[in-house]
Amino acid sequence: MRVPSGTVVAAAVAIAGESRFRRSVSGEARGPLCGMGTCMECRVTIDGRPHCRSCQTLCAQGMIVQTNE
Amino acid sequence: MGHLVVMDDSEAQFALTSYSVSLWRQLAPELPSNVEYDPCGTLWLAVDEEEMQEVRRKQAYYSSRNVPVEVLHGEAVKQAEPNLKPGMAGGLLVPGDAVLYPPCAAGFLLRKARASGAELMLGKSVKRCLPEGGVELDDGSKLTAGFSLNATGPWSPCLSPNLPVRKRKGHLVITDRYPGFVRHQIVELGYLKSAHGASKDSVAFNIQPRKNGQMLVGSSRQYGADSNQVDPPILNRMLKRALEYLPGLADLASIRVWTGHRAATPDKLPIIGPSLQSDRIWLATGHEGLGITTSLATGKLVADMLLGRPTAIPAGPYAAARSSPCESTHN
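In the order they appear, the protein sequences are chains A and B. Numbering-wise, my numbering puts 35 at position 35 of the first sequence, and it's gapless, one number per residue. Take the position in the second sequence, starting the count at 1, then add 69; the result is the number in my numbering.
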């Protein structure tokens, strides 16, 4: 997908229509709560690197984001 | 730390750990899932030819005692654990070893004890064990019993003066979830030299996977460090050591660091059986880093000895009255 420069990954995921950013230890779907980098619920895998806070990461050309893990 | 491991440091340590690991294996089907029993095995790592000689010595020792093991060379060890730093000389795989989560294992054993009639008292402490049997509590009241058993680990000398048990501090780090980053409990062979090291502060690498993909990273050993505070310089040494084996750890997130104290004895064997103070005051302490491993065997030995039944292994090496240190294969 394409987003305007300056968009954070969390917004891109939401624009893509995905609400399940990650799974809890017990398998429940989770998504962003605080939007400011402290709740850790927005974590996704970015370019193979797990547990990245999507609300704190800017989208970049060619970036691969995996959700629901 | 939850590692259930058969050790070869001495005949007495081998007997106790192999007996206990097989007891855990028998209990495994009964353990609830929160105990996280996982028969993942141990991978002892050798970085060079000198440590490979140790691998071969261990292989001969375990094989002659019917413990299945497999020697892995260079490339095979990398396949067993892809995140290892390249260039390892090899290792020894012990598939019969396992890991579990000790707090929930203790909870399970406690529930079993209470179901058999044991009474748990919280919020009281024992001031002393009575030579005639029973204990005196901190409020001055007494609980009568035929025997008392001091199993208070690093605090056991408080209840049994002159017990040769010293506190040996350790650090642990737990990571975030990275399923599959390691597949076995991995231990560097230098670990054994560290557990032997007399009084110097030491670190030795080991790592344990948990079922949800978190990993426990250790280990450190310090005498004379009785505070529970995290010690940044030794933590730093411990993690630097870990990175020499798993460089990819540097990119992972750690969630928490904490400390604990082991109960260490001069000959590295626990003290199990009647004390020297009174034959109605019993001891089960001094297990150093093998508490969870040897817990079941310790319980069985105490029960058998108290009831006058033959023990499954000789109990002499763990007697409080022993005077000569056991021969170590690593002298």
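Everything labelled a hint here was simulated from the structure, so no lab data went into it. No residue lacks a Cβ here, since even glycine has one placed at the ideal position from N, Cα and C. Be careful, since some hints might not be right.
[To be verified] Simulated restraints on C-beta separations: (1) B:S268 x A:R49: 37 to 45 Å; (2) A:R23 x B:R197: 46 to 54 Å; (3) B:L312 x A:A29: 41 to 49 Å; (4) B:D295 x A:S24: 33 to 41 Å.
[Claimed, not checked] Here are some chain A residues the structure puts well away from chain B; computed CB gaps all over 12 Å: (5) V8; (6) H51; (7) T67.
Hints, one by one, checked against the model:
A hinted range of 37 to 45 Å for the beta carbons of B:S268 and A:R49 is consistent with their spacing of about 42 Å. Taking the beta carbon of each, A:R23 and B:R197 are about 52 Å apart, inside 46 to 54 Å as hinted. For B:L312 paired with A:A29, a C-beta distance near 35 Å fails the hint of 41 to 49 Å. The supplied range of 33 to 41 Å is met by B:D295 and A:S24, whose beta-carbon atoms lie about 38 Å from each other.
At the 12 Å boundary, the C-beta of A:V8 stays outside the reach of chain B, the nearest C-beta of that chain being 20 Å off. Non-interface status of A:H51 relative to chain B is broken: a Cβ of that chain comes within 12 Å, the nearest being about 5 Å off. The non-interface label for A:T67 is consistent with chain B: the shortest C-beta to C-beta separation is roughly 15 Å, beyond 12 Å.
Figure legend: structure checked against the earlier numbered hints; hints not met, in rising order: 3 and 6.
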